[in-house]
Amino acid sequence: MPMTMTQKILAAHAGLEEVRAGQLLEAELDIMLGNDVTTPVAINEFEKAGIPALCAPEKTAFVLDHFTPNKDIKSAEHCKQIRIFAKKHGVKHFFDVGRMGVEHAVLPEQGIVVPGDAVIGADSHTCTYGALGAFSTGVGSTDLAAALATGKAWFKVPSAIKVEVTGRFQPHVSGKDLVLELIGRIGVDGALYRSLEFCGEGIGNIPMDSRLAIANMAIECGAKNGIFPVDEITLAFVRGRAQRDWKVFAADEDALYDEVIRIDMNTLRPTVAFPHLPSNTRTVDDLERAGERIAVDQVVIGSCTNGRMEDLRIAAALLKGRKAAQGVRLIVIPATQQIYLDAMREGLLETFMEAGAAVSTPTCGPCLGGHMGILAQGERAVATTNRNFVGRMGHPESEVYLASPAVAAETAVNGYISQPKA
Amino acid sequence: MTLQGTVHKYFDNVDTDVIIPARYLNSADPEELAKHCMEDIDADFVTKARPGDIIVARQNFGCGSSREHAPLAIKASGISLVIACSFARIFYRNALNIGLPILECPQADEISAGDQLRVDLEQGSIENLTQHRQYAAQPFPPFLRRIIEKGGLMEAIK
Numbered sequence: 001m002p003m004t005m006t007q008k009i010l011a012a013h014a015g016l017e018e019v020r021a022g023q024l025l026e027a028e029l030d031i032m033l034g035n036d037v038t039t040p041v042a043i044n045e046f047e048k049a050g051i052p053a054l055c056a057p058e059k060t061a062f063v064l065d066h067f068t069p070n071k072d073i074k075s076a077e078h079c080k081q082i083r084i085f086a087k088k089h090g091v092k093h094f095f096d097v098g099r100m101g102v103e104h105a106v107l108p109e110q111g112i113v114v115p116g117d118a119v120i121g122a123d124s125h126t127c128t129y130g131a132l133g134a135f136s137t138g139v140g141s142t143d144l145a146a147a148l149a150t151g152k153a154w155f156k157v158p159s160a161i162k163v164e165v166t167g168r169f170q171p172h173v174s175g176k177d178l179v180l181e182l183i184g185r186i187g188v189d190g191a192l193y194r195s196l197e198f199c200g201e202g203i204g205n206i207p208m209d210s211r212l213a214i215a216n217m218a219i220e221c222g223a224k225n226g227i228f229p230v231d232e233i234t235l236a237f238v239r240g241r242a243q244r245d246w247k248v249f250a251a252d253e254d255a256l257y258d259e260v261i262r263i264d265m266n267t268l269r270p271t272v273a274f275p276h277l278p279s280n281t282r283t284v285d286d287l288e289r290a291g292e293r294i295a296v297d298q299v300v301i302g303s304c305t306n307g308r309m310e311d312l313r314i315a316a317a318l319l320k321g322r323k324a325a326q327g328v329r330l331i332v333i334p335a336t337q338q339i340y341l342d343a344m345r346e347g348l349l350e351t352f353m354e355a356g357a358a359v360s361t362p363t364c365g366p367c368l369g370g371h372m373g374i375l376a377q378g379e380r381a382v383a384t385t386n387r388n389f390v391g392r393m394g395h396p397e398s399e400v401y402l403a404s405p406a407v408a409a410e411t412a413v414n415g416y417i418s419q420p421k422a
Numbered sequence: 423m424t425l426q427g428t429v430h431k432y433f434d435n436v437d438t439d440v441i442i443p444a445r446y447l448n449s450a451d452p453e454e455l456a457k458h459c460m461e462d463i464d465a466d467f468v469t470k471a472r473p474g475d476i477i478v479a480r481q482n483f484g485c486g487s488s489r490e491h492a493p494l495a496i497k498a499s500g501i502s503l504v505i506a507c508s509f510a511r512i513f514y515r516n517a518l519n520i521g522l523p524i525l526e527c528p529q530a531d532e533i534s535a536g537d538q539l540r541v542d543l544e545q546g547s548i549e550n551l552t553q554h555r556q557y558a559a560q561p562f563p564p565f566l567r568r569i570i571e572k573g574g575l576m577e578a579i580k
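Note that the protein sequences, when read in sequence, are chains A and G.
The first sequence begins at 1 in our numbering and counts up by one.
The second sequence begins at 423 in our numbering and counts up by one.
Next up, chain G with everything else stripped away, as it sits in the complex:
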């Protein structure tokens, strides 16, 4: 599966409280959550994000609360993929479980806001069309690939 999109760039330790603030957790509706995605660190995200866009960040993306509302809000914002140097472990599980593609890539920091990326999810290869560079991401172990192929955890356990 190949994805192409424009980058929204963030830094270290983007926590789930800023991805979707708790004041909006009285809703579990992804569309409703998407209206407030990232608003405490990037008030313009909701208006800027276009379907297919890609979020790129540095270390420990998604740290903090276990709220699955965070990857749900990102996915419902139209974001096709999150790339980070590393992910917090609960966010990592949640993203795979709900079918939001993520990639761990040590060079994520070299990618800038506004860059165009073309990504091959199976190969874990990332092509930066703006900077004319190529990066390799961590491919998933077969166990996790099965969850992704099934489209999420609930499908995989059926």
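Next up, chain A with everything else stripped away, as it sits in the complex:
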């Protein structure tokens, strides 16, 4: 029975020779993750069940990233609860303010997730690690609590959609445009319960930060996970940072897929998802042709989707020597402490600040309307984040447009949604 890459990883972690789509299994996990929103609920369940100890503190990661640095007393109490629990149980990968990062940026960067892993996280964007050739998926707090107790989780083996990419990105186009194009084509439930398996001769032209952005948004079309093959780019990324040995899995050549989607990267254009669904996409070319000028009040560059070095370099190159338009609040949030430091050393932060940006310590903050950039009624933002649902960044009558760092930076300068020329 031929298997997809995801199926092979699941089979290996369940101690099975082969698995088929639809089969229920219990898999041994390599990493279990929680954040400051989801972990308190997991801890309550864990303690209510009277479980004395973590099954595997060395496989446990808690990242305090959503409402941190704490925005109010209630969030401070949640973080305190996690801090105490982490200390008591010897959680190995614990990231607190000043040493942290947005969870899905910090785990790959620190080599905590490696190719071939099976990972769950009580955060829907846990699917990000598929970029490294790992199976990783988001779950809720009770699933996390059960995994903390047992080191395992149950899964229904998914079938897969094959996404075959060819060509290479044209100037000012990146992974964000590719994934928005994909979601626009198949819809927010187009991959429901299934894997997205990326492959094709174009893969070698997609840098790691773009792969992470693509896998990150697999959930936005309902996918259980999105996964990339392990190649030289992956190995160059994990070498020197992996905290454990990794294992390379590859799909069988005759693996069965529900459908094949082809994306020619040569033809991709800067793409924007309009309110209020990530699938509501249009190219900026389209807007220009229609003569539509969509003025914005705020631009956010950051998040687990697009807060990495590649993203900051792209934005800084466009903002260099320019200023954010009058009336536009530009907020730049490097996704991890390391990225923040690297961006400072490279002079990117200076560029941002001279352009009139507020540059912040790592946090998820504005992406989910938590803090650090909430929108008022009727306000509009372009953000490099991943969701534009009603009320996502603040008032239920505010609007979020999702775009790449290039479109976000150019929009900040012009004050309306626009793309870099030439």
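Keep in mind the hints are simulated off the structure, nothing from the lab.
These figures come from a predicted structure and were not determined experimentally.
Where a beta carbon is used, it is the ideal one built from N, C-alpha and C, also for glycine.
Don't take every hint at face value.
Calculated pairs, DSS-like style, for lysine-lysine (alpha carbon to alpha carbon, straight line, at most 27 angstroms) [stated by the list, open to error]:
#1 G/Lys-580 - A/Lys-48
#2 A/Lys-48 - G/Lys-457
#3 A/Lys-152 - G/Lys-572
#4 G/Lys-580 - A/Lys-88
#5 A/Lys-71 - G/Lys-457
#6 A/Lys-48 - G/Lys-497
#7 A/Lys-92 - G/Lys-580
#8 G/Lys-497 - A/Lys-74
#9 G/Lys-572 - A/Lys-48
#10 A/Lys-152 - G/Lys-580
#11 A/Lys-156 - G/Lys-572
#12 A/Lys-74 - G/Lys-457
#13 A/Lys-87 - G/Lys-580
#14 A/Lys-247 - A/Lys-8
Computed from the model, here is a short list of chain G residues facing chain A with C-beta under 7 angstroms [claimed, not checked]:
#15 Asn-435
#16 Leu-447
#17 Ser-449
#18 Met-576
The hints should help you fit chain G onto chain A, whose structure is shown.
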């Protein structure tokens, strides 16, 4: 187990950000969360919802964030059951894990706001008392039925 209640009807892609907006996630207390359930798409839900009422929606209910606060808020609002044409997968797991009954039913769209439903959870049969119609829902595989019977995942792993 038989449930009976009045329907609150929603449409496609009801996401967890509207079920419980992130601005309220600084609390994990279900009663507190219930005060704001659905408020960004249905400001009256909190005052309308009566114990035993049923939420019905179309495709991809519960998409978006993995916040378990979403099914917790729905459950604490007194809602006895959610019926949808399809559910987003994380919400599906979360609902079962915390003991909020859900049913997948392709004809959910035929049900209207205000309809009275009588539902047999074991059989997966839905009787629309208002429209005098009968629908069949997807029954759960035995593995999941065990979690439901135990009253949630934590009880099932003990």
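Tested hints:
no.: 1; hint: G/Lys-580 - A/Lys-48; verdict: holds, 12 angstroms
no.: 2; hint: A/Lys-48 - G/Lys-457; verdict: holds, 24 angstroms
no.: 3; hint: A/Lys-152 - G/Lys-572; verdict: holds, 18 angstroms
no.: 4; hint: G/Lys-580 - A/Lys-88; verdict: holds, 22 angstroms
no.: 5; hint: A/Lys-71 - G/Lys-457; verdict: holds, 21 angstroms
no.: 6; hint: A/Lys-48 - G/Lys-497; verdict: holds, 19 angstroms
no.: 7; hint: A/Lys-92 - G/Lys-580; verdict: holds, 25 angstroms
no.: 8; hint: G/Lys-497 - A/Lys-74; verdict: holds, 22 angstroms
no.: 9; hint: G/Lys-572 - A/Lys-48; verdict: holds, 15 angstroms
no.: 10; hint: A/Lys-152 - G/Lys-580; verdict: holds, 13 angstroms
no.: 11; hint: A/Lys-156 - G/Lys-572; verdict: holds, 20 angstroms
no.: 12; hint: A/Lys-74 - G/Lys-457; verdict: holds, 17 angstroms
no.: 13; hint: A/Lys-87 - G/Lys-580; verdict: holds, 24 angstroms
no.: 14; hint: A/Lys-247 - A/Lys-8; verdict: holds, 11 angstroms
no.: 15; hint: Asn-435; verdict: holds, 6 angstroms
no.: 16; hint: Leu-447; verdict: holds, 5 angstroms
no.: 17; hint: Ser-449; verdict: holds, 6 angstroms
no.: 18; hint: Met-576; verdict: holds, 4 angstroms
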